[in-house]
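Student: Protein chains in written order, with numbering that gives the first Met the number 0: chain W, 0 to 550; chain Z, 0 to 197.
By construction, these hints were calculated from the structure, which means they are not laboratory data. Owing to the predicted nature of the structure, the values given are computational and were not obtained by experimental measurement. C-beta: ideal position from N, C-alpha, C; glycine also. Warning: the hint list may mix true and false statements.
To be verified - According to the in silico footprint, chain Z covers these stretches of chain W (three or more CB under 8 Å from chain Z):
#	region
1	112 to 126
2	314 to 327
Said to hold, decoys possible - Listed next, with one range per pair, are the computed distances between beta-carbon atoms:
#	chain 1	residue 1	chain 2	residue 2	range
3	W	D1	Z	F8	54 to 60 Å
4	W	W299	Z	A154	38 to 44 Å
5	Z	T47	W	V183	29 to 35 Å
Chain residues, written in single-letter form:
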Amino acid sequence: MDLNVFSLATQLAVLIVVLAALHQPLGKYLANTFTSHKHLAVEHGLYKLSGVDAHADQHWKVYLRSLLAFSVVSIVLLFLAQLLQRFLPLNQGMGAVDPWVAMNTAVSFVTNTNWQTYVPETTLGFGIQMMLLAVQNFLSAAVGLAVVVALIRGLTRAQTSNLGNFWVDLARGTLRVLLPMAIVGAVVLIITGVIQNWGGTNIHTLVTGAQQTVPGGPVASQEAIKLLGTNGGGYFNANSAHPFENPTAFSSLFQVFLILVIPFSLPAMYGRMVGDKRQGYTVLTVMVAFWLASTIFMSWAIGAFNGSGTSVGEGFEQRLGVAPSALFATATTLTSTGAVNVAHDSLPPLAGGLAMLNMMLGEIAPGGVGSGLYGMLILAVVAVFIGGLMVGRTPEFLGKKIGAPQMKLVALYILVTPTLVLLGTAITVATPALAAAAPAEGPHGFSEILYAFTSAANNNGSAFGGITSSGPGLATMLALAMLIGRFLPIALVLALAGSLAKQRKIPATTGTLATHGPLFAVLLGGISLILTALTYFPALALGPAAEGLLK
Amino acid sequence: MNAYGRQLFTALRFLLCATLLLGLAYPALVFGLGQLVAPAQANGSIITAGGQAAGSSLLAQPVTGTAYFFPRPSAVGWDPATSSASNLGPNQAALVEAMATNRAEVAAREKTSMDAVPVDAVTASGSGLDPDISPAYAALQMPRVAAANGLSEAAVQELIAENTSTGVNAFLGQSSVNTTTLNAALAAVQKTAKGLRE
Chain W
0 MDLNVFSLAT
10 QLAVLIVVLA
20 ALHQPLGKYL
30 ANTFTSHKHL
40 AVEHGLYKLS
50 GVDAHADQHW
60 KVYLRSLLAF
70 SVVSIVLLFL
80 AQLLQRFLPL
90 NQGMGAVDPW
100 VAMNTAVSFV
110 TNTNWQTYVP
120 ETTLGFGIQM
130 MLLAVQNFLS
140 AAVGLAVVVA
150 LIRGLTRAQT
160 SNLGNFWVDL
170 ARGTLRVLLP
180 MAIVGAVVLI
190 ITGVIQNWGG
200 TNIHTLVTGA
210 QQTVPGGPVA
220 SQEAIKLLGT
230 NGGGYFNANS
240 AHPFENPTAF
250 SSLFQVFLIL
260 VIPFSLPAMY
270 GRMVGDKRQG
280 YTVLTVMVAF
290 WLASTIFMSW
300 AIGAFNGSGT
310 SVGEGFEQRL
320 GVAPSALFAT
330 ATTLTSTGAV
340 NVAHDSLPPL
350 AGGLAMLNMM
360 LGEIAPGGVG
370 SGLYGMLILA
380 VVAVFIGGLM
390 VGRTPEFLGK
400 KIGAPQMKLV
410 ALYILVTPTL
420 VLLGTAITVA
430 TPALAAAAPA
440 EGPHGFSEIL
450 YAFTSAANNN
460 GSAFGGITSS
470 GPGLATMLAL
480 AMLIGRFLPI
490 ALVLALAGSL
500 AKQRKIPATT
510 GTLATHGPLF
520 AVLLGGISLI
530 LTALTYFPAL
540 ALGPAAEGLL
550 K
Chain Z
0 MNAYGRQLFT
10 ALRFLLCATL
20 LLGLAYPALV
30 FGLGQLVAPA
40 QANGSIITAG
50 GQAAGSSLLA
60 QPVTGTAYFF
70 PRPSAVGWDP
80 ATSSASNLGP
90 NQAALVEAMA
100 TNRAEVAARE
110 KTSMDAVPVD
120 AVTASGSGLD
130 PDISPAYAAL
140 QMPRVAAANG
150 LSEAAVQELI
160 AENTSTGVNA
170 FLGQSSVNTT
180 TLNAALAAVQ
190 KTAKGLRE
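Please take these sequences and the hints and turn them into a complete structure.
Tutor: Structural data, given as structure tokens:
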């Protein structure tokens with residue numbers, strides 16, 4: 000299969016034009032959503048039924064505690080529902096899920112990872128997919144939005160420790176942003192051929208004479224939010240490579256758009272909320288630069304591959320081809336999505352390595368819904384700190400002092416994911432019983448393990464699918480990576496937001512390092528790259544790089 | 000109840016209310032809209048033969064014998080009860096072996112040289128259910144299918160052209176031939192011809 004450069008360039012141009020047209024209006028809508036004082040009727044009802052005081056302004060610790068309580072309840076409920084599937088409605092005759100798989104899946108969907116250690120077709124019925132998994136697709140994305148909004152409030156507020164109301168932010172992100180967009184997205188997907196029904200069709204005699212059961216299910220509704228919420232958990236095992244999830248090259252392009260639209264609009268929301276649109280544009284520029292460079296590199300890595308005895312084709316869909324797969328593989332790993340329309344395990348070594356590097360970058364270009372922007376803002380704080388050291392002034396970010404307490408939180412944030420990825424990979428490789436889960440010989444087996452922990456700790460969810468992660472050992476280790484990789488950074492971000500909110504606002508002087516403009520954009524991009532490179536290049540050299548060189 | 004307990008209880012109630020909206024009302028609404036806007040697609044793009052459902056135009060069908068066009072290799076035996084890729088690494092020995100075996104098989108079946116076999120004919124798709132093949136693979140199979148069906152090569156060529164992707168999807172993706180709809184068209188032609196003979 001060959002890369003059609005003209006087609007790729009056209010698709011990139013279309014995406015850029017559409018996203019450029021949408022990011023300001025959507026950013027404005029998002030900013031209004033999270034700053035408005037009015038509640039919708041349905042929100043009033045929701046608050047009343049769940050006993051939420053919508054007027055309470057929460058201390059950052061209470062905000063965090065609400066978030067954690069919500070996540071714990073979600074994990075427990077999802078876990079129990081899978082164990083009790085036999086007794087639940089719409090189970091298609093499927094029984095209890097293996098407890099290790101159920102635990103891993105519960106953690107995976109609540110942390111916005113959507114790592115799938117189960118085979119959906121043979122494990123879960125409509126009921127659990129629709130009423131639990133898809134619901135978490137909405138809510139886990141809304142949690143990400145809430146956290147970034149709280150961080151921005153920390154930057155804009157002064158002399159308070161309160162960051163807003165978690166329940167209100169959660170409800171608004173879900174009901175005002177994700178739900179309406181998902182409805183529109185689902186209908187478009189149905190028109191392209193994605194199914195939405197309540198049962199399969201038994202075909203007694205196929206054209207070719209054999210028998211087949213054409214699968215059914217509420218797929219389009221789950222598909223739309225799987226992409227919009229940068230979740231990535233497929234209704235079917237093959238995810239967006241499955242013809243019923245992603246029927247045509249057009250639907251594939253539309254899915255890439257759905258993945259990118261909210262994350263690329265968040266900088267505009269940020270700019271508006273801090274009252275300086277230039278701040279948003281600077282962050283956006285860095286995100287776009289990484290995304291474009293990575294997409295082009297990915298396309299080249301796939302198009303130029305010439306294996307010894309193999310060539311590009313295995314794991315690709317003929318109806319999609321190279322350009323749609325390169326676009327998708329980049330978007331899904333630069334965000335926290337993890338949906339796939341090509342088997343990543345069969346990607347050429349450099350392309351597979353790039354998919355890992357995209358995640359290792361911290362999923363900031365543009366990153367997951369909410370998590371991408373807060374990851375980028377943390378790096379902005381690092382950039383401000385280093386810039387401040389260079390000019391010899393106390394670093395300030397949007398009128399807030401970045402002192403030792405703030406930098407401690409930021410440094411911890413930066414360390415969490417690499418520690419999980421490298422430690423998890425090292426333990427697995429060093430334990431023969433665990434390493435056996437990745438049976439591929441040589442560096443490819445190592446790549447499969449490294450990819451798994453990179454994906455889990457960054458809450459991505461895509462996989463080098465050759466690995467078997469359903470055993471107790473790996474299921475537990477990956478679940479821990481997902482849990483810690485999601486909630487420890489969130490706790491640190493909220494703590495940082497709280498400490499920033501407490502400060503007075505210092506007026507900017509001529510000596511203040513500007514956090515907008517090309518100079519800062521280069522500093523921010525450079526720091527993101529250097530931090531990633533220093534941390535991960537040795538591991539990448541053992542996996543994909545070695546694989547590409549050895550043949 | 001202390002603060003933690005209260006938070007957990009609030010969380011549970013919030014989650015249950017949200018489930019009613021997002022887990023029931025939302026998919027039901029999308030189902031309704033789907034049946035209104037595009038029922039054929041929402042129900043699985045089912046194609047019929049002689050009034051009977053004969054498969055989905057989006058899913059590959061297993062082929063045996065010589066009368067039909069073969070889809071690409073599949074890691075799941077073209078059975079949509081599951082879906083999967085082979086997940087073999089790009090340089091893995093198992094993949095090299097599988098591709099060589101497939102190549103020899105296709106070359107023998109189509110009575111052609113190994114070099115003439117296109118890559119999509121020897122590699123499994125990501126889903127195992129992809130119904131599409133490259134125009135080159137369709138052209139390779141055309142003489143065999145024409146002979147087995149007693150049709151002229153020109154007639155089969157025409158059917159291939161009718162089932163080749165065009166327009167937006169061909170440009171965004173690549174030019175592909177849908178074996179499921181192509182085989183259905185072949186079967187329909189055969190049926191008509193049989194009817195005329197009788």
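Student: Hints first: check each against the structure and report whether it holds.
Tutor: Hints versus structure:
1. Interface restraint, the region 112 to 126 of chain W with chain Z: holds (3 residues with C-beta to C-beta distance below 8 Å; minimum three).
2. Judged by the Cβ-Cβ criterion of 8 Å, the region 314 to 327 of chain W is covered by chain Z as claimed, because 10 of its residues qualify and three suffice.
3. As the Cβ distance of W/D1 to Z/F8 is approximately 59 Å, the hint placing it in 54 to 60 Å holds.
4. Checking the proposed 38 to 44 Å range against W/W299 and Z/A154 shows it holds: the Cβ atoms sit about 42 Å from each other.
5. With their beta carbons about 31 Å apart, Z/T47 and W/V183 fall inside the hinted range of 29 to 35 Å.
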